[in-house]
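There are 2 protein chains.
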Amino acid sequence: MTKFLYQCSTCGKSYRRDEVRYLCPACAKQYRPGIPLVGVLSARFDYGAIRKKFKKANPDWALFSAVEKKYYLAYPVGGTPFHPVAALGRELRCENLWVKNDGLNPSGSLKDRASFLVVAEAVRLGEKCVVTASTGNAASALAAVCAAAGRQAIILVPETAPKAKLAQMLLYGARVIPIKGTYDDAFRLSLEYTARRGGLNRNTAYHPLTIEGKKSVGLEILQQNKFKTPDVILVPTGDGVILSGVFKAFQDAKAAGLINKLPRLVCVQAETSAAIHHYITSGIYRNADRPHTIADSISVSIPSNAHMARAAVRESGGFSVTVTDEEILDGQRLLAAKAGVFAEPAASATVAALKKLRNSRLLERREQIVLLITGHGLKDVDAALKGVPLPVSVEPTMEGIDSLAARP
Amino acid sequence: MTKFLYQCSTCGKSYRRDEVRYLCPACAKQYRPGIPLVGVLSARFDYGAIRKKFKKANPDWALFSAVEKKYYLAYPVGGTPFHPVAALGRELRCENLWVKNDGLNPSGSLKDRASFLVVAEAVRLGEKCVVTASTGNAASALAAVCAAAGRQAIILVPETAPKAKLAQMLLYGARVIPIKGTYDDAFRLSLEYTARRGGLNRNTAYHPLTIEGKKSVGLEILQQNKFKTPDVILVPTGDGVILSGVFKAFQDAKAAGLINKLPRLVCVQAETSAAIHHYITSGIYRNADRPHTIADSISVSIPSNAHMARAAVRESGGFSVTVTDEEILDGQRLLAAKAGVFAEPAASATVAALKKLRNSRLLERREQIVLLITGHGLKDVDAALKGVPLPVSVEPTMEGIDSLAARP
Numbered sequence: 001m002t003k004f005l006y007q008c009s010t011c012g013k014s015y016r017r018d019e020v021r022y023l024c025p026a027c028a029k030q031y032r033p034g035i036p037l038v039g040v041l042s043a044r045f046d047y048g049a050i051r052k053k054f055k056k057a058n059p060d061w062a063l064f065s066a067v068e069k070k071y072y073l074a075y076p077v078g079g080t081p082f083h084p085v086a087a088l089g090r091e092l093r094c095e096n097l098w099v100k101n102d103g104l105n106p107s108g109s110l111k112d113r114a115s116f117l118v119v120a121e122a123v124r125l126g127e128k129c130v131v132t133a134s135t136g137n138a139a140s141a142l143a144a145v146c147a148a149a150g151r152q153a154i155i156l157v158p159e160t161a162p163k164a165k166l167a168q169m170l171l172y173g174a175r176v177i178p179i180k181g182t183y184d185d186a187f188r189l190s191l192e193y194t195a196r197r198g199g200l201n202r203n204t205a206y207h208p209l210t211i212e213g214k215k216s217v218g219l220e221i222l223q224q225n226k227f228k229t230p231d232v233i234l235v236p237t238g239d240g241v242i243l244s245g246v247f248k249a250f251q252d253a254k255a256a257g258l259i260n261k262l263p264r265l266v267c268v269q270a271e272t273s274a275a276i277h278h279y280i281t282s283g284i285y286r287n288a289d290r291p292h293t294i295a296d297s298i299s300v301s302i303p304s305n306a307h308m309a310r311a312a313v314r315e316s317g318g319f320s321v322t323v324t325d326e327e328i329l330d331g332q333r334l335l336a337a338k339a340g341v342f343a344e345p346a347a348s349a350t351v352a353a354l355k356k357l358r359n360s361r362l363l364e365r366r367e368q369i370v371l372l373i374t375g376h377g378l379k380d381v382d383a384a385l386k387g388v389p390l391p392v393s394v395e396p397t398m399e400g401i402d403s404l405a406a407r408p
Numbered sequence: 001m002t003k004f005l006y007q008c009s010t011c012g013k014s015y016r017r018d019e020v021r022y023l024c025p026a027c028a029k030q031y032r033p034g035i036p037l038v039g040v041l042s043a044r045f046d047y048g049a050i051r052k053k054f055k056k057a058n059p060d061w062a063l064f065s066a067v068e069k070k071y072y073l074a075y076p077v078g079g080t081p082f083h084p085v086a087a088l089g090r091e092l093r094c095e096n097l098w099v100k101n102d103g104l105n106p107s108g109s110l111k112d113r114a115s116f117l118v119v120a121e122a123v124r125l126g127e128k129c130v131v132t133a134s135t136g137n138a139a140s141a142l143a144a145v146c147a148a149a150g151r152q153a154i155i156l157v158p159e160t161a162p163k164a165k166l167a168q169m170l171l172y173g174a175r176v177i178p179i180k181g182t183y184d185d186a187f188r189l190s191l192e193y194t195a196r197r198g199g200l201n202r203n204t205a206y207h208p209l210t211i212e213g214k215k216s217v218g219l220e221i222l223q224q225n226k227f228k229t230p231d232v233i234l235v236p237t238g239d240g241v242i243l244s245g246v247f248k249a250f251q252d253a254k255a256a257g258l259i260n261k262l263p264r265l266v267c268v269q270a271e272t273s274a275a276i277h278h279y280i281t282s283g284i285y286r287n288a289d290r291p292h293t294i295a296d297s298i299s300v301s302i303p304s305n306a307h308m309a310r311a312a313v314r315e316s317g318g319f320s321v322t323v324t325d326e327e328i329l330d331g332q333r334l335l336a337a338k339a340g341v342f343a344e345p346a347a348s349a350t351v352a353a354l355k356k357l358r359n360s361r362l363l364e365r366r367e368q369i370v371l372l373i374t375g376h377g378l379k380d381v382d383a384a385l386k387g388v389p390l391p392v393s394v395e396p397t398m399e400g401i402d403s404l405a406a407r408p
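Residue numbers (the numbering used here), protein chains in the order written: chain V, 1 to 408; chain U, 1 to 408.
Don't read these hints as lab results, they were simulated from the structure.
Don't take each hint at face value.
Because identical chains cannot be distinguished in the list, a pair is counted as satisfied if it fits within a single copy or across any two copies.
Listed next, the in silico DSSO-like pairs over lysine-lysine satisfying Cα-Cα at most 27 Å (straight line) [what the hints assert, rightly or not]:
no.: 1; residue 1: Lys228; residue 2: Lys70
no.: 2; residue 1: Lys226; residue 2: Lys56
no.: 3; residue 1: Lys55; residue 2: Lys226
no.: 4; residue 1: Lys180; residue 2: Lys386
no.: 5; residue 1: Lys254; residue 2: Lys56
no.: 6; residue 1: Lys69; residue 2: Lys226
no.: 7; residue 1: Lys163; residue 2: Lys386
Here the structure is a predicted model, which means the values were calculated and not measured.
The whole structure should be built from the sequences, with the hints applied where relevant.
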């Protein structure tokens, strides 16, 4: 850990670490359910101190952490594969295409990173109980990390969350409350819950360490890429917190003198859940009207971190794109069949976006492009099966096999 | 790679690398469908050469590989987490309990390791097509690695394979043939398939490099455990190939002078699928009669590598244990809730076994015990949900939440 202050992303005011817990108290007054969060805090480190201590030859990434290592759990989050996907690249006309596969985190999604850090914070604060609203992945992640840490996870999810994610949370021993409503309803209700009943609220962006936790994926990419900034990173975007976290990683690394260049970030949203996309492209914010996409992890009407996400994309020199469910399922098949990576629909949206962009001038053929794979395909098998029909069974003979080939 | 000969585990005869492909030609004559394989080959390296070159400070594990690194794919198999699980240990009265979580391989199971090596061999041999029979995991693994390698996977599975595994194979672009029969039928048919139509057969134990591929999990445990041999490793056992592979890792490491001690291996089988267990305990082999267990990955009537697996357990000083489906589901919940590890039923059988053994004298409280987690829980969500009912949905209000607590 390195000393840091929390800075409000809305008004710029700074706070000492334990002076605030969630939003900037001054700006939070402007926040009400039904709009994106106002006053989201960002950890500003003593970058000079990091610069002095950090060695590329033997990197101590704990220097970039906002929680002391002694509160960390012996639970293996992160350290996921980063590798080239040449055959997929040929298909998409990219000569230098890479995948960061965060579906291989313990609970199967990048959200493990935020949960890991927030639970470390809960240990530091002596909080026994951590509460979150989630479309599914953040909840599975929180439940997993809480199980390992011996803390109680309390989880509010829309009742439409995929069965696999619900199974995970329950098995990990979380208290799961499916609500007859949307993710946005769950978000609102979870704020009410911790305000009235206590515990630590892990809501994404609402707790500033969710951004810091997600930051670790960017730092890992940097190390795995030998301290060279990739040209472009495609990020599946719902709430906008992963986008903010990835940007923060490169901002922090730049502030600490590790790199000179920031990657261009591409915000990828589902067509019916594109509040941040519209905000980026038009400059005017409005909630997404009844999002309905197969990419449940990025299905959100009111993205909590819309403001910071938009700023990240703009400052990075990036842009935004939307994809349809059909394109997402096609992207999922392409990623699996050409790279051996089975990703959930939200993550597959990045492949769909790249396919859509391959003839545009927004990307150059030789640039190093990274697809951020945020969740495992096994999280939602029913979605995957929409794209590929199950074959019929045959008798266990060579004739049986041949009868299959003869079918239309 | 280091020079090696294939040695027949039945008659002891040695062969040069490209002199044979599958079983020992002499012993294969005794093999017929319906019994375990005879003449399974084992790679015997020039251990003196490894001893000279291998450095613990900078380990080059490729020295222990039977395929040249230049045929390896840029696809991240292995490197999975190995970590202590203290809270689970307290529950099971083990003071030094660890998990090796191979469910975090790309396709979600340890089988990725065997597929990785066999596909590297296919690349070396110029084979375009790789064929396997599988209960599901080996097939998903082969499909994933073949996708990444641009080879065609042809897969024979019992039609009862869990949907998630089928979805994976199909998405990865494999040719999937579900058969009206058991895994044993699929095994027999796949041998017929490659004999008649060509391609490389990846059947477990039938292709000797499946054992070598699985060996890598043992070598990784050794490195992650700082070159100290764990006292005990619990291995979920169906065909007996993982057991053989893990044993081979420590045998090879011992032969190369890296360690002096072998771990005791505990063979864990499901009660209705316990041919190897009965073989170990009685000395007499007989097929399991109609196996029917929720742990589909270890459901097998005729374990292909029964002979080698029995020898491994005996030589290691280990033993064998069976568990019921109820115990397996209980083990799955325990592992998830106390360690944050969501494993498929087969892998959870290790936890069930440990719980069963906790009052026995077969294990000592202070020994270092490793649970080998061979597959991800997301592989079979319906099985997991048998242990935990889905909660009912409530209105998105504090009253709604409280109404849940009030339910019986």
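Hints and how they fare:
no. : hint              : verdict
1   : Lys228 <-> Lys70  : between (30 Å within a copy, 25 Å between copies)
2   : Lys226 <-> Lys56  : both (9 Å within a copy, 24 Å between copies)
3   : Lys55 <-> Lys226  : both (13 Å within a copy, 24 Å between copies)
4   : Lys180 <-> Lys386 : both (25 Å within a copy, 24 Å between copies)
5   : Lys254 <-> Lys56  : within (13 Å within a copy, 36 Å between copies)
6   : Lys69 <-> Lys226  : both (24 Å within a copy, 22 Å between copies)
7   : Lys163 <-> Lys386 : both (16 Å within a copy, 12 Å between copies)
Checked against the numbered hints above, the structure breaks none of them.
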